[in-house]
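Work out the full structure: start from the sequences and follow the hints.
Protein chains: 4
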Amino acid sequence: MSHKQLKLVTIGGGSSYTPELIEGYIKRKDELPIKEIWLVDIKAGQEKLEIVGAMAKRMVKAAGLDWEIHLTLDRREALKDADFVSTQFRVGLLNARIKDERIPGSYGMLGQETNGAGGIFKAFRTVPVILDIVADMKELCPNAWLINFTNPSGMITEAIKTYGKWDKVIGLCNVPVNAMMKEPELINTTLDHLTYRFAGIDHFHWHRVFDDTGREVTMDIINAIQKGDAALPKNIFNVNFFPEQLEYMRLLPCAYHRYYYREEEMLNHSLEEFAGIGTRAQQVKKIEHELFELYKDPKLDYKPKQLSERGGAYYSDAACEAMTSIYNDKKTHMVVSTLNNGTVPDLPADHVVEVSAQIGAAGAIPFTFGPFQPAERGWLQLMKNMELCTVEAAVTGNYGLALQAFTMNPMIKSGSTAKRILDELLIAHKNFLPQFTDKIKQLEKDGVTVKDDIARTLI
Amino acid sequence: MSHKQLKLVTIGGGSSYTPELIEGYIKRKDELPIKEIWLVDIKAGQEKLEIVGAMAKRMVKAAGLDWEIHLTLDRREALKDADFVSTQFRVGLLNARIKDERIPGSYGMLGQETNGAGGIFKAFRTVPVILDIVADMKELCPNAWLINFTNPSGMITEAIKTYGKWDKVIGLCNVPVNAMMKEPELINTTLDHLTYRFAGIDHFHWHRVFDDTGREVTMDIINAIQKGDAALPKNIFNVNFFPEQLEYMRLLPCAYHRYYYREEEMLNHSLEEFAGIGTRAQQVKKIEHELFELYKDPKLDYKPKQLSERGGAYYSDAACEAMTSIYNDKKTHMVVSTLNNGTVPDLPADHVVEVSAQIGAAGAIPFTFGPFQPAERGWLQLMKNMELCTVEAAVTGNYGLALQAFTMNPMIKSGSTAKRILDELLIAHKNFLPQFTDKIKQLEKDGVTVKDDIARTLI
Amino acid sequence: MSHKQLKLVTIGGGSSYTPELIEGYIKRKDELPIKEIWLVDIKAGQEKLEIVGAMAKRMVKAAGLDWEIHLTLDRREALKDADFVSTQFRVGLLNARIKDERIPGSYGMLGQETNGAGGIFKAFRTVPVILDIVADMKELCPNAWLINFTNPSGMITEAIKTYGKWDKVIGLCNVPVNAMMKEPELINTTLDHLTYRFAGIDHFHWHRVFDDTGREVTMDIINAIQKGDAALPKNIFNVNFFPEQLEYMRLLPCAYHRYYYREEEMLNHSLEEFAGIGTRAQQVKKIEHELFELYKDPKLDYKPKQLSERGGAYYSDAACEAMTSIYNDKKTHMVVSTLNNGTVPDLPADHVVEVSAQIGAAGAIPFTFGPFQPAERGWLQLMKNMELCTVEAAVTGNYGLALQAFTMNPMIKSGSTAKRILDELLIAHKNFLPQFTDKIKQLEKDGVTVKDDIARTLI
Amino acid sequence: MSHKQLKLVTIGGGSSYTPELIEGYIKRKDELPIKEIWLVDIKAGQEKLEIVGAMAKRMVKAAGLDWEIHLTLDRREALKDADFVSTQFRVGLLNARIKDERIPGSYGMLGQETNGAGGIFKAFRTVPVILDIVADMKELCPNAWLINFTNPSGMITEAIKTYGKWDKVIGLCNVPVNAMMKEPELINTTLDHLTYRFAGIDHFHWHRVFDDTGREVTMDIINAIQKGDAALPKNIFNVNFFPEQLEYMRLLPCAYHRYYYREEEMLNHSLEEFAGIGTRAQQVKKIEHELFELYKDPKLDYKPKQLSERGGAYYSDAACEAMTSIYNDKKTHMVVSTLNNGTVPDLPADHVVEVSAQIGAAGAIPFTFGPFQPAERGWLQLMKNMELCTVEAAVTGNYGLALQAFTMNPMIKSGSTAKRILDELLIAHKNFLPQFTDKIKQLEKDGVTVKDDIARTLI
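Those protein sequences? They're chains A, B, C and D, same order as listed. Read in order, the letters of the first sequence correspond to residues 1 to 459 in the UniProt record's numbering. Read in order, the letters of the second sequence correspond to residues 1 to 459 in the UniProt record's numbering. Read in order, the letters of the third sequence correspond to residues 1 to 459 in the UniProt record's numbering. Read in order, the letters of the fourth sequence correspond to residues 1 to 459 in the UniProt record's numbering.
Because the hints were derived from the structure by calculation, they are not lab data. Note that this is a predicted model, so its numbers are computed, not measured. The reader is advised that the hints may include incorrect statements.
Any copy will do: because identical chains look the same in the list, a pair fits if it lies in one copy or spans two.
What the hints assert, rightly or not - Within a straight-line C-alpha distance of at most 27 angstroms, the following computed DSSO-like cross-link-like pairs (lysine-lysine) qualify:
(1) Lys445 with Lys227
(2) Lys182 with Lys330
(3) Lys80 with Lys168
(4) Lys331 with Lys182
(5) Lys430 with Lys57
(6) Lys138 with Lys168
(7) Lys330 with Lys27
(8) Lys4 with Lys451
(9) Lys80 with Lys138
(10) Lys439 with Lys227
(11) Lys57 with Lys451
(12) Lys451 with Lys286
(13) Lys441 with Lys227
(14) Lys138 with Lys35
(15) Lys331 with Lys27
(16) Lys419 with Lys227
Following this line, the structure appears as structure tokens:
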């Protein structure tokens, strides 16, 4: 990076996670010569933007820094000449996630933010918006880096690369960050004594770990995890993997593999919450409300510890670290969504994977992982192709292809109920799915309505 | 083939399908210079062998042929100097299939002969036996062709190629035969006016069809099928595919795709039968009993029409056709399980696929199919890798790998119930699973028993 | 094909090979309901068109057929509503080939029609023309089949598929035809008793052969060929392959492999001809002159035997056979240039290979060949990539890429002489290389001229 | 690495390069807790071993270190419990290289140490010895790392991985080291401000370079090199690449690419030396003699600068750096021969490539490079497959396969002269080619002798 003063832009700046982002910048104040931070949001997010923006200003001031904090609803003004753009927005806000969770749940299927029917619809809503942002960036800041941590992060990065034809993008996820923060202490060491090798796709990857004598410690960590603390993000219900399976695999699954390796228990837990305390998004809505109440406190000028208890913790910090590594050519090891290029030879070379990479001025250079054994290979190939169908359907609005994605998805039992869920989700999210307009009109004409009362009232 | 008189051997000769095989030979008497037909079975099948063997002799005699029919329990005597060996045996007989169906069914999961948990266990029981047969063939008839139609036909052929290292094998299935027999009339033509292109793996393939002007008629057949007759084998419950999905795919799925594309309905139907008239094997047991009663009739010297109503119809005829095509270098189009070699570039070149091939003296030479679109590609890759895990676990008896196969299989909801089903099936089939002996002993020590009463009493 | 009366068009209709084409049609008169045959040529070929066209009319008349023979310089009129278009033109006529041969020869390198520098320049001249033809076809006969036997046939077919985006094309070559006509008698059998399996790219393929008992007879043919008759086209100098090499390969190389496996001897022979009786094109020019003298005879109404002695014999007949097989859905085995799609897994799936295929109404459906051993694999990968560079340079006119193709080509010793040959060829063919206009102007400005007197006078 | 005192072993310890190795250890004395250094050689190298060993002891003493230096002809004693084994031996000593250079040269072909016929024979001689060493290591020091810089380094590493089944090996080459030492100053920067990305195979790789702002500076370096200093090892004749070609490629070729991109000039230079001052090995023999005369000086206790002028400079230092990086888990960027695993997706995943990698306790973890453009892809695929043929022939002694390797090699013009060269080299090296014994005996019986007088007298 040329040693200029930086303009940093965050789309979805009104997010409750913004204090973590600001804290991340402040931690790296000696590495990043920041001039301006632009927090962008949409009309519907204006109130939150103002609350969290005011707090951001307090944090910067408390740190004794002269950074400009701009709050704006004008995305194009913000993007103009930006150096780094990060994205953490949620199309349709938490209400959309509630619908993603409750509509499948109302039919006994998994409702989850990034897996199953909910994950597919989150992609359907987000892809058109991210492609708009990329189009703006081509015009307004063609040399900027796009650091995406909007979920489903892998599919969004895929859309940016494949349909947006934008190469300077790095997709982030906090799941590997969590693993690398929590696992070392399970085997009584620290991260700097270990070599981590991750490979797979977002929310569906595995990793191996080696210590500084070259010994593989993957099984040591597996054994420690199975005994107790699972190094899970806060939003994932803990059920142990089957030890015989891990013993055979000799790979550490990611936290989300629980949905695939213990489908029964994860589904049951999700349906219990659906019928009881409410789905995760309903819970988060409360937590978020409390956070914003905190943020309103004009004396609060640091990130409150309650934020770290959210499932998305460390995402924003990872984004700051990616920017710092690129700017300073730090050649840091990070786990990112980027072009495969052979890193995982079992997947197409020209699509996005989530892998260990060196992050520096030249972007993300992955570490080769090599072929998987048949079980992991088969899973990965299914999941990546499901992603490709989802992203293409998100771009084209093809209903048959959406149905293909639903049919392939292991969290969705195919058949008439699955098709009903697809149809209800289309109707429920109609305001955010311009690509599916014709189909949605036809469904409405056919009288399809949303069964779940809570979801229906949020349309 | 050298123009010698032929010795044909069928392992599992006591099968109720043997009359179709004999009829198939008689139909081709001018093409196959048969000298001896050896029907081999095991002690437990001796009574059936004698009944169906006597009938085979009557059929041959009625056709005015001087072929020798040998009935034997001595497999090695039969294999000595054989020219063609066909396999149609069922390890553990229909009782094993009943257990494969009822144990998953007793926990609300699909119990089916070749899909889901049942299909995996059918492979677990059959692989050790087929590898024994191959070992005998290497010694006793090293130049013979092995025509396998023992199910799960694709996995068994995989085991023969990969672990048996036996190249002269052709795996057969009646699903494509059914399609090619019934579809042409749906579009008012005949098979000889069409070009069929099948690709995939056994019980999981798709096809395209072209007429003799070069026009693709795949969608015409799809439309006709969706209107009515689905060209299904008798053992598959009919539920239509979603038209929007097929419209997108522009490929004809195979009959068994119903289990994957309409999982909900197929499962419900199977559970209804489980709770009601009994699973398919229970029904078949009755049908088979009736068939053998018919076969006992010393006046019956032709294949009774009741046999054609079985799900396995046309398998034996396909075997005869394969032998005739090889012997006479006929270069016939057949759909067979054989080495991939690039035919389906989405799958490993060195494993078995089920594809359109030319069958002649040089064996099966597949017609290149080319890459699939992402949805079909992802499915195929999952399923083929699930097969590879299953076959390897069948050879090694590795429990962790068996669990991997269960976890991957889309017909099995992963979790503690799935693991319970795996454990019960191990115990239920303990007499036929020497490779899993240690694990089974441990399960018995742990007190695992089979819950379903009917299944338990059949152990 | 719809059973309509056919309009057949041949671009380059004035070729001396046209009588073979007409003979081919006449032989198949019961299979092809021909109404019109259009022979198209350019102004420079008008005289030859008239001579050979008149003879074609005599041949058709002598056969008692009422087919219309149209001779025209108006390609678009000819293409209108055509059913089959065949291409046998030579951009720049034989003089261009003389330059292709003499310019490399004048620097001690191989000058050959389809190999080395000459083959690359034949592609450079032909690709722009064939893409024009395809553009016309899209407009005027979008349902026609294009049967290409213009050399270098594989690269021209590649250009048609990859840059012309035209799928209904079949590329032909007479080298496999020659092999299949001459080899069977070497082992005392006939073609109908054999199964041929060819794979590779045009003028660079190998084959295996099996008899009707399934025994591989590849080595038998190799041994017979090495003893004597090499089943070569007339234009290829015969030098034996090294027996130890073939013994290891256990594959039959194609006739052109001599250039690669016996580079020294083939080069020496070519340089002897260059210095002595003249290069092959110079010889052919005389033969062709004699042929046209014969054709002028108003009594000649059949293909004279002298034509069969040309190197290009059987090309035209193969074209007729391809048309007949498509029209009648004959499902004939032919060796054609077509999309790889996995047939040769060592090469990219989306490019053209030359392989055994079934030719019928649905076009060419290749027979899977499978992976090669390392030596053949390496050669093939080099040569196919050399083709890809050549075709792309032929489309874009990029000089650096042309230099890459020259550098890779095993018949060209890289360095300043090779670059000089490239530059001289550009100048020599300047009238037929619009894509390289700027570079040629610059070379002329730099004073580059053609050294060889004969070649220079032909510019 | 466990923090124990290290035992380092060098096979070929009597090499003139040993002082560089010792200097490399001394430079890293704070990073490597060395206890013992074992220099192993064979009887024929004993004198040199004693000279250079004495000097090594002086160097260590001068550095004030207490390391033990052991000189031995007993390889097994040396290997016992070794931590790192490095190999720098030359089977047949420089005389063998003279034969490798002069025999092809005597027929007008390239004689070079690692390219063409000479490179193939260097592999033929070395592979059996390295596989013996690996067999010893499996028994005597199964946890040691093998650092190979015996040439042809890529093929030797391939043999170690594929036939030796030894995974803890790193193959080194000084060509990338040279590039990284000399190129940065050409663009007025230093290595630590650049990111290098190398990919290919040993002596046949390309690289791209990026600066610390992320800008690609590959073309800047190309332009600087073409102007003057080519950053070449001392043993490579300098002829510039064609600028138009590099402009198209936008990749930096390696120094050895001259042999392939400027074949004519490199051959001419080599033949001039052959006819004049003698081949490179003849020159090196003199240089080496002078070096050993220097080494005899009992006052010399540092690496003389004359050694740095050899073509193999930096090899030994790279070996020390690899050991240090592994031992200290330094995660250094180095360019090494290691398993491909997808790094270069154009080559098989299960074979060796030479690529940028991170070197640490877990070994070499390559940085993914991605697919090449067609020209580089085709070259690489040819060369890697030529390597695979060579290594297999080196293991099996198959003459037909040796002929295949010769035929494929772009530095060898195929034909009867090439075969003659192959035969003479077999005879010339008969004492070091046990795998070819039968063929050599037959050649001798057939009266084949070595034509070149100098080469013949060295047998």
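Each hint, compared with the structure:
Taking CA atoms no more than 27 angstroms apart as the test, Lys445 paired with Lys227 passes between copies only; the shortest distance there is 24 angstroms, against 54 angstroms inside one copy. In this assembly of identical chains, Lys182 and Lys330 lie within 27 angstroms of each other by CA distance both inside one copy and across copies; the values are 23 angstroms within and 23 angstroms between. Only within a single protomer do Lys80 and Lys168 lie at most 27 angstroms apart by alpha-carbon distance; the minimum there is 16 angstroms, versus 49 angstroms between protomers. Proximity of Lys331 to Lys182 under the C-alpha cut-off of 27 angstroms is found in both arrangements, the shortest distances being 22 angstroms within a copy and 22 angstroms between copies.
Taking the shortest alpha-carbon separations for Lys430 and Lys57, neither the intra-copy value of 36 angstroms nor the inter-copy value of 69 angstroms comes in at or below 27 angstroms. In this homomeric assembly, Lys138 and Lys168 come within 27 angstroms of each other (Cα to Cα) only inside a single copy, at 11 angstroms, whereas the closest approach across copies is 39 angstroms. Proximity of Lys330 to Lys27 under the C-alpha cut-off of 27 angstroms is found in both arrangements, the shortest distances being 16 angstroms within a copy and 26 angstroms between copies. Neither within a single protomer nor between protomers do Lys4 and Lys451 lie at most 27 angstroms apart by alpha-carbon distance, with minima of 55 angstroms and 58 angstroms respectively.
In this homomeric assembly, Lys80 and Lys138 come within 27 angstroms of each other (Cα to Cα) only inside a single copy, at 10 angstroms, whereas the closest approach across copies is 45 angstroms. For the identical chains of this complex, Lys439 and Lys227 are inter-copy neighbours only, at 23 angstroms across copies versus 49 angstroms inside a copy, given an alpha-carbon limit of 27 angstroms. Taking identical chains as interchangeable, the C-alpha atoms of Lys57 and Lys451 are never at most 27 angstroms apart, the minima being 44 angstroms within one chain and 65 angstroms between chains. With identical chains, the CA atoms of Lys451 and Lys286 are at most 27 angstroms apart within one copy only, with a shortest distance of 24 angstroms there and 44 angstroms across copies.
In the homo-oligomer, the alpha carbons of Lys441 and Lys227 lie at most 27 angstroms apart only across protomers (26 angstroms), although the nearest pairing inside one protomer, at 52 angstroms, exceeds that limit. For the homomeric pair Lys138 and Lys35, the shortest alpha-carbon distance inside one copy (22 angstroms) is at most 27 angstroms, but the shortest distance between copies (57 angstroms) is not. Both within a single protomer and between protomers do Lys331 and Lys27 lie at most 27 angstroms apart by alpha-carbon distance, with minima of 19 angstroms and 25 angstroms respectively. Proximity of Lys419 to Lys227 under the C-alpha cut-off of 27 angstroms is restricted to the inter-copy arrangement: shortest distance 20 angstroms between copies versus 40 angstroms within a copy.
In the structure shown, a violation is registered for the earlier hints numbered 5, 8 and 11, in ascending order.
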